[in-house]
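**Q** If you want the building blocks of each chain, they are given just below.
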Amino acid sequence: MPQLTINGRSVTVENGVTVLEAARGLGITLPTLCHLPGKPAFTSCMICVVKNEVTGRLIPSCSAPVMEGMVITTDSDEVRQERKKILDLLLSEHSGDCEAPCTTTCPARMDIPLMIRQIAGGQLKEAYETVTDRIALPAVLGRICPAPCEKACRRGHHDAPVSICLLKRFAADEALKVDADVPPSPEGLRRTSRAASAPDKRIAIIGAGPAGLAAAFYLARSGYACTVLDEHEAPGGQLRYRVARDKLPMDVLDREIDVIRKLGVLFQMNTRIEPGAGIQRLKANYDAIVLTPGRTHGDSWHLWPVESDGRGVKVETGTFRTSDPMIFAGGEVVHAGQMSVRAVAHGKSIACAIDQWLGGRPVVGLEKSFESRLGQLKEGEIGEMMKDADPGTRVEPEGEHGAGYSTDKAVQESRRCLQCDCRKAKHCKLRDLSVEYGASQKVFTGSSRTKFVKTVSPQVIFEPGKCIKCGICVRLSGLAFLGRGYETVVGVPFGDSLKSALGSAAADCVRNCPTGALAWKADA
Amino acid sequence: MSEDLQCVDEAVAEFGRDASAVIPILQRLQQRYRYLPEAALRRVCELTEITPAAIAGVSTFYSQFRHKPVGRHIISICHGTACHVKGSELIQDALARDLKLGEGEDTDSNGVFTLERVACLGCCTLAPVIKIDDITYGHLTSQTVSRALHDFLELEKRGIVPERHDRTAAKGAGLAEIRIGVGSCCEAGGSQSVRRELEAEVKRLGAAAVIKPVGCVGMCHQTPLVQIITGGGEPVTYAKVRAEEAARIVRRHLKPGGIVRRIRAGVDTVLEHLLTDDTWEPVSRYALDVRDAPVCSFLGKQKRIASEWCGDLDPLDITEYAAHGGWTALKACLKAGQPEQIVEEVTRSGLRGRGGAGFPTGRKWAVVRAAPGSPKYLVCNGDEGDPGAFMDRMLLESFPYRVLEGIVISAYAMGIHEGFLYIRAEYPLALQRIRAALARMESDGLLGSSLLGSGFDLTLKIVEGAGAFVSGEETALLASIEGQRAMPKFRPPYPAESGLWGKPTAINNVETLAMVPWILRNGAGAFQEMGAGSSRGTKVFSLAGKVVRGGLIEVPMGISVRDIVNEIGGGTPDERGFKAVQIGGPSGGCLPASLGNTPVTYESLAAEGCIMGSGGLVVLDHSDCMVDLARYFMTFTQHESCGKCTPCRVGTKRMLEILERLCEGRGVKGDIERLEEFARTTAGGSLCGLGKTAANPVLSTIRHFRDEYQAHLEGRCPALKCRKLVAYTITEDCIGCTKCAQICPVEAITPAPYRKHEIQQDKCTKCDSCRQVCPSNAVVLGSPGVSVDKEVG
Ligand SMILES: Cc1cc2nc3c(=O)[nH]c(=O)nc-3n(C[C@H](O)[C@H](O)[C@H](O)COP(=O)(O)O)c2cc1C
Ligand code: SF4
Ligand code: SF4
Ligand code: SF4
Ligand code: SF4
Ligand code: SF4
Ligand code: FES
Ligand code: FES
Ligand code: FES
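For the protein sequence lines, the chains are Y and B, in the order given. Reminder that position 194 of the first sequence reads as 194 in the numbering used here, one-by-one numbering, no gaps. Counting the second sequence from 1 gives a position; the numbering used here is that position plus 524.
Take these hints with a grain of salt, some might be off.
Within a straight-line C-alpha distance of at most 20 Å, the following computed EDC-like cross-link-like pairs (lysine to aspartate or glutamate) qualify [claimed, not checked]:
| id | chain 1 | residue 1 | chain 2 | residue 2 |
| --- | --- | --- | --- | --- |
| 1 | B | Lys592 | Y | Glu487 |
| 2 | B | Lys1287 | B | Glu1188 |
| 3 | B | Lys592 | B | Glu627 |
| 4 | Y | Lys429 | Y | Glu371 |
| 5 | B | Lys1216 | Y | Glu78 |
| 6 | Y | Lys84 | B | Glu1201 |
| 7 | Y | Lys442 | B | Glu1201 |
| 8 | Y | Lys378 | B | Glu1181 |
Computed Cβ-Cβ distance ranges for the label pairs, DEER-style [to be verified]:
| id | chain 1 | residue 1 | chain 2 | residue 2 | range |
| --- | --- | --- | --- | --- | --- |
| 9 | B | Asp533 | Y | Asp496 | 14 to 24 Å |
| 10 | Y | Gly392 | B | Pro1016 | 56 to 66 Å |
| 11 | Y | Ser497 | B | Glu1271 | 44 to 54 Å |
| 12 | Y | Glu487 | B | Tyr1278 | 50 to 60 Å |
| 13 | B | Asp533 | Y | Ser497 | 20 to 30 Å |
| 14 | B | Gly628 | Y | Gly121 | 41 to 51 Å |
| 15 | B | Gly628 | Y | Asp246 | 51 to 61 Å |
| 16 | Y | Glu487 | B | Ser670 | 29 to 39 Å |
| 17 | Y | Pro391 | B | Glu1271 | 40 to 50 Å |
Note that these hints are calculated values from the structure, not bench results. Just so you know, these numbers come straight off a predicted model, no measurement behind them. Positions of the beta carbon are idealized from the N, C-alpha and C atoms, including for glycine.
Pulled out of the complex, with its shape left as it was, chain B reads as follows (with noise of 0.2 Å):
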């Protein structure tokens, strides 16, 4: 394998010898062998200054590397939270089972496919959602996730290599202009696919009309979007378009008076109906479902400032961003020539960090400005770990030039010269539109020596995460920046004084720095008019789960959970309403729908045994267990404690294997007591903020849901989510069909045509697969003492 080390020798020529290259070098190494071959390892240390000790310790911390070689496609199963709640553990099973993977197999016995568990996919409005190499299959059931395989493999076969191209379209006057979403929930939505077709059929027409790529409209749950705008004519927007109905749509509004296909939003395309009136409505009043509320109510309470000119702006055409006032407050502080005065307009507007823990911006800086040592160092944090969120990623990706305005002002505020951006590895167009960005800055002039001929110096360097929650936290991202395993520090001393290479570092988090542009256009007070208490201004939320209308939202601090998820949101499909909410991932807590009225405010949550988080939030409904939803974020919390301190490495892993058992109706007496305890150990002597608030989750729901907890301690799952907890079986509604009987993988039923079907539940492995067939919806689904006749969604 000689000369195929010569991409070591590559990587090493173009990262460095420095030990602080090694997670560029290996992410390289992967990208070429899709695993790390230890020869290849091995190379590296004799070319660098990377010990194995070093090599090793980094390669085995982060979950994006792997060390056995994998098979011909990667699937990655999200097992984020709102994928959690729509059942990707059944996902995960049916893959397993349909590739035959044996226990502890990832890999089919033919190479073909490797079966991953990711931690969100960042399209959470899609769940339950899997990704095979770059094409993301979404809204899966058991049964429809062998079809994505099919359909993968026939695209293979047809060698269409889905790519990406974000060519900024040119726009003229006079044009007809047709928007399509090309944010992470489009582009998994199939956006690309359709964007080819509307381009093939605008060149076939010959028409005179751009087509035109917008970052997140918020409207996630619809996706693909295709809005078009003719000539003085009001916007009309189409939500799940197909690929085949792209040339359609295109037609329509190049050749009036056609007939057109109006798609109706609905899962099944069955169901789509066929419009025959000319009128369009505008996009304010545009039902996108009969049973949704117009979507001006979707955005009625909203205030956009982080995600300004949603849905207009072209992601990467930095002179429409101009156009919408982009770069004038960069502008006018350079101008102005004090950088004090900004440090002070920002912490007059009452900004408090977004990344989680709400610490003022303005002190932060004021403290990183006064440091004595030099040089001082930026670090935007784009790592975005928790597994039921998507802000950053959306800003990343629709907003780059925004973002960045806010990292070059901070930085001139603070007197700094070099900045990071840290992005996670598994968002790949957020690192691809960044990339983009930056290049187009540099070349003109808004960034590197003298920017915009001020006289100050900047220069921002990507790096990419590698797959770790903890790295979010703000000593272990610069232990990450500087080649290391991502395990945090004591602090103090904090980054503000002594950070990267011990030199006073900013850190902040990507929506804090999104929001900076906005408070020094429009000034601090119009900032600190909205909101409530000391929490000011706005929050960008992801919204998922079970609700109607999920997306990328932003709020005005203060807004009720409430008014989010029914007015925003749209309620829930199911019409018991929402049960409770998720606020928070990992770190946060389930708030009950009887707090509803709580405004989100950091004090208001935090009072409700809840955090403000980064902005994930998860609505939940009466088929999610508390206890089922507690074990699954203290797996997440337990995988991703970096191992360092004894309160979270061992005491995350005791406190899961008491939720395990109660899961299983293993439950010991005395084991709610019990979780409380090691609940106060683990939270009161970890080292950092992931041990610190890893118990939230546990208490959050003892104590609101402690009922829940007794019941799965008396062997009940009342949400019928605990799979031991639950038993299937056939009501005398069965037809005989033996549709059932047919599908079950494991023949747990024998098919017994025209008579009423048995289910052996010795065999059964609760797949839900014959719930799912049944034609008269005779299988239904019990747990000791829980009535049977729940349906769970």
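Just chain Y, with the same shape it has in the complex (with noise of 0.2 Å):
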């Protein structure tokens, strides 16, 4: 039985077993891609690369069976490194979206995708908290906002952008219909978020406009006691006072209000706070404050006593930190004549970084992923892209002038979506991995990424751009390789349908794929 050190561990082990193993018996996990346990090694990601110190190799643990007085190590920086540059390197030929562009374009990032797809399968209750998980306004949004999303939505490179905005707008009015089934109930709404880290401290929100009533949405949301002050009589700021009427309904804008009021957030109207002294008394009543007053007193946002600039009050990147530890300013104090959707997405971000603060962890905002992209289309890609979509024009609604969509309309225009986000956005090992080892799509330039195809069967769809060639379905079902070197790809022998390849190895394929090559059609 041989006897190895890991990692200054020492350890005996039955002959035959791998590194990677032996590591795992110690209780220290490694990165896999092309490993299937059961199935002999493969060896073709190398991400599990570990330094064998006696003979200075780096060596794939998955396929490296121990050997007597070996000694690894598998956590240096060279050893990160490498597997970095792995990373880096699949990338380099990876032709996929993690995100699709409409979401990675909308300033809330909102998922519009499984929005759609929600819409489509009738899922309107799921579909609200979709759009509510990043925009504390949709039913006001979706019919002020002037939709960049839609600018960038793939659907338009083949005839017209799915209406995205009338499809959040028409999820939102039928969550906020008085007779809807599932009406947003407080409870509801809590559930569907993160607890607060502490819920008994209370946050002072000055200003109630788009961005704060969004701040407080989500702080309230979490279980945080919100007061929010402002100096008019109503809430709403500049939804109230500035965006025209025709456009945005006053009942449209107290109903989304009332949402908010009922999560227990207490309006505080005709209330003026003075940058010195009325933010003194909030400070000592307060544990957090959010600054979000707007500009409705011209250039006046240099009073407030935190650093600021010639154009707002200063704020960090990400986590809107004014230069006062307790205050998170957001909206047009710090940046004049924005998008109300900006305003909505910064008071997101500040529940969130006041929510790291307040519990104690490192303030850093919404958390970042990994975001491959395909950027520009490639001729023929939109006809793969196609290929699952409807090839109908664009829904208009029925009804005069600024209605909505009927269900069945809704669902008309949903099925146009050509679902450009990664179904395994969410579970995808080689986006994980490229988040842990800071992994880069732009480092191996030069590049010419592979066309990006699409085969979809009843139930799976294939993408063999974002395939890295790690064999497992090779070996679990009837898929090839095909062709050599840079060309090889996964694919079904003699041009046959993609069901029958997979046969009865379908799910076992979709489960073990570590990418979105292999996904299920429907949301996990």
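Could you use the hints to bring the two separately framed chains together as a complex?
**A** Quick look at the structure:
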């Protein structure tokens, strides 16, 4: 029985055991991609490298059998650097979008294709949850947002973009209907949120415009006690006092503010907070302050007791922290003349940062994941993307000007969506490792990325551009490696159907495919 | 097509239903249909255990297999190293133009010819080379290549089908002997038609002479070679003999006194001159060319072990092999009955594997011998994929019995009873000879059960490779024999412990095995005496490229690179001498002339960023661009990567992209450093030797020729090789003959009789045609900042 040392710890294992298994025995997990427990090692990805200090070589731990006297290091800089390079290489040929371009363009980063799939599937409650996860005032924004997301919408390359904004409005309006089956209850909204890290803390929010309302919505949803203070008679800020009435009927705004009120948020209207003494008082009575007063007083931002520059109050990117650690600022006080959706996005980020701060965790704001991006489409790619979408033209709502979708129309329009996001975005090993190792798609430049291709079976989507050639599905099913060298692809023999090639191994393949190359059509 | 599928049933009946039968079955189908029709493949799946996934995977992995119907004839354009440096890209373009092929097309609209890129046809001394079906054309230019097409069609019209005959000529005492080279280079040079003419003339005269085919003579640059030995007289050698001249040569010797035409070496037969003197010089003093040094110095520093009796042996004459010491080693080994002694003797000799890695052969044998498990297997690796090498091919073709004797001895030494010879399908002659030699040995009791009455059994089988460089890597080779895609596996376990079907397997290179009989006949000491450091004995190289005398050479280890090029190879045709030597092919590197004193040993070559490799040695002169060469090898490696492991599959591609942009003048600041970094990533993380060494051609050229990389970054190609970085212009020397305008395929030159011509740069495709036809050398090549008067060969 060979004895070896892993990260300085000595261990004795059975003959024939791999270094990976020996490390697991010590509770050390190593990254793997092509490894399929129970099957012979394939040794293709090389992500599992560790260093054998005896020979000075990097070896794939999933394949290397232990040997007497081995001295293994699994987490040195050198090893981590090597793994990063492997990921950089894989990413340089990766053809896929983790998130859909509409989502990455949306300032609030709403998961648009998920919302659309939910609408298409009649899961309206879920669709509302998806929207409100990022957008606090969806019925309002569904009417006034200039929809930058639609400008990025891939469907626009074929005919016209998906009516994202109207679909969002539909999801919100349905949920807010007085007689809706599932009106957004405070409990329901809270359930879908992360519980507060420090629930007994109190937060003051200066200004009831879109940024302040959004911050209040997310903080209250988590369970914080929030008080919104505003000098006006009614909450809404610019939404109430600047936006044209015919675009945004007041009852829509009122109903969305009601949702926030029901979450337990206190509104102290007709209350003007003086930049000096007023703030000091709030600091003494509250645990954190959200500064979202807008620009109703012209250029007066520099009066607030925090650092500012020529444009507005200075905040840290991502966390919206001001020079005063207790104060977080967003909306127009930071940067004038922005879209309401951006102000709403600020509110969400601020809520997140405050929760981190009050919970004593590092304040980083919303977590950024790794994003693989297709970028500019190549010739023929839009055709691949159209494969599973309704070919019909953009659906217009019925009724007078300014009307929203009926359920039928909304479902019809949502079928036009190409589902550009990756169906494994939330459980892709490649993406997770890319985050962990700080890998990037830009290191190995000069790359001509592979063409985006999509094959669809009744249940499974296969996108070879996301395949890392780990060979797992080839080992499990009737799929085959085709070609050689850089051009090697995984494919279906003889151009038969994907379904027949996967056969009874479909579920196994989808589960074990480390990327979104093989995924269920429906969200897991 | 139902009756058509009969062939599938037959192939299955012959090769069996196991998964491992897939490659031979596919080869048989392709022979029949000339490509692989889907219906036939589906039928294979119906009849056998081979799955659609397996058949799709295998048939798309090996480049031998085609999935589309092809034209009536296949033109294989060699893009091996020697052919590349001699302009194979220009040949490719010219052919595509002649056949009017559009972008991405490979077959002309009439379905007559299909173009195919191949890596090394194994007759590098005739570079650049193309093969149309079985006929090889060498020394081509973009001008002469269309003549080759016409010549071929002419032959076809006249119904002249090239045939191969390997009948061993009976030899009688007192007869004159006419030896004709039948090595690959000689055959490519047209030795079969010369041989037919020789035979016809001998018959017509009723002369007392035998015509004897001999293997490679090691003078491949002068093929076809004919040597005549008359009773008592000294042998006379003729070089570059043409079929029309064969009869006259025969008449000259068998009817003394006549006028003899001796063929002067030279590409242009117009330059042949008539010799009227009657004195015959012996071969050792025969001046092949006024510029050539005498042949004796060509052979001088050589020492022939694997290629012993080179030029004297009829490859398939087993009696003759025996008469030259053949089988004595085997017989002695069997008689002694102490196999472990053989292993020890080989260990003592210091023999290291000649397949590239240089692993001590005796040590490998000892491991296999001691390994638990049975049966054990032996594999002779004859895959030879280096695109500028033909050593193993020559050994298999010219000395089949020697290789086989080595195999039998090693099998006996390790207690192995079943062996495989893995030989690439691109070597039809080698396959044919080995097949014939095996049959002869079986009938002579040198193989089979209780061979030579020793009680030792051995069966040997031939496995045909199907076109994948990586299948030369030992674990990939085993996968290939088992009928899989040739994808390497992680070692350990090494094949010596767990190889074919999980059993202990000894894999040795052809040349390694060809050394074995000599070592056992002459003793380990004699072998050990030659060489330097831990590199003992001799090494066979295929010498090609910009060298006067190319061919198969065998030299004692430790000889300097300069001696090989200048003394054995006769230097370069270009008077400035060699610029560098590429050693080791796609895994090797470029050794600059300034390091020409480097001795040929595993260690000293490695110290300079090269490797011994399997023995490809391509000489480069000043018209060779080092960046282009690096790009060339990376194209090869990238294409030949099995595509399995990340660093090699993706890393080689990324390096190639940088090299391509450098060669096209699109380099980006930092590209050289980027290349170095990508090289480290690829080399460090790859699974097998292919990926681990893929960056060597890049790193060694950066190391020794960094200034050339810098020049490319600035948009210049000092060697005037990179087409995107050069321009053709016409100088004042133009006499207005209009020849260039007539030949230009893209009308970039307007005819202007008696006036100086001009080239429209936006139209010019840099085909080089105008420069070749200009009678006054007025067409010149230039690159920004590089002097324009340079001759490019
Ligand atoms: C990519 C690659 C290609 C190879 N090609 C050959 C080959 O064509 N012939 C050969 O004998 N060895 C080749 N080898 C080396 C073999 O893996 C193996 O080391 C060799 O056959 C062992 O025989 P030897 O010890 O007699 O040299 C290759 C190795 C690699 C990595
Ligand atoms: S496969 Fe992974 S990395 Fe690729 S797009 Fe999908 S989630 Fe992103
Ligand atoms: S098609 Fe759908 S997923 Fe794609 S960009 Fe448009 S809305 Fe987003
Ligand atoms: S598609 Fe198959 S080979 Fe590609 S990453 Fe997924 S499991 Fe691996
Ligand atoms: S190094 Fe290249 S050839 Fe070798 S296993 Fe990896 S991909 Fe295949
Ligand atoms: S001008 Fe250019 S295209 Fe024309 S013959 Fe000369 S090199 Fe060729
Ligand atoms: S090589 Fe070990 S997990 Fe892929
Ligand atoms: S929903 Fe995000 S910009 Fe429109
Ligand atoms: S024959 Fe072309 S390089 Fe060998």
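**Q** All the hints need checking, so say for each whether the structure fits it.
**A** Hint check results:
no.	hint	result
1	B/Lys592 x Y/Glu487	18 Å, holds
2	B/Lys1287 x B/Glu1188	17 Å, holds
3	B/Lys592 x B/Glu627	17 Å, holds
4	Y/Lys429 x Y/Glu371	13 Å, holds
5	B/Lys1216 x Y/Glu78	18 Å, holds
6	Y/Lys84 x B/Glu1201	14 Å, holds
7	Y/Lys442 x B/Glu1201	15 Å, holds
8	Y/Lys378 x B/Glu1181	19 Å, holds
9	B/Asp533 x Y/Asp496: 14 to 24 Å	23 Å, holds
10	Y/Gly392 x B/Pro1016: 56 to 66 Å	60 Å, holds
11	Y/Ser497 x B/Glu1271: 44 to 54 Å	51 Å, holds
12	Y/Glu487 x B/Tyr1278: 50 to 60 Å	53 Å, holds
13	B/Asp533 x Y/Ser497: 20 to 30 Å	27 Å, holds
14	B/Gly628 x Y/Gly121: 41 to 51 Å	43 Å, holds
15	B/Gly628 x Y/Asp246: 51 to 61 Å	58 Å, holds
16	Y/Glu487 x B/Ser670: 29 to 39 Å	32 Å, holds
17	Y/Pro391 x B/Glu1271: 40 to 50 Å	47 Å, holds
In this structure, every one of the numbered hints holds.
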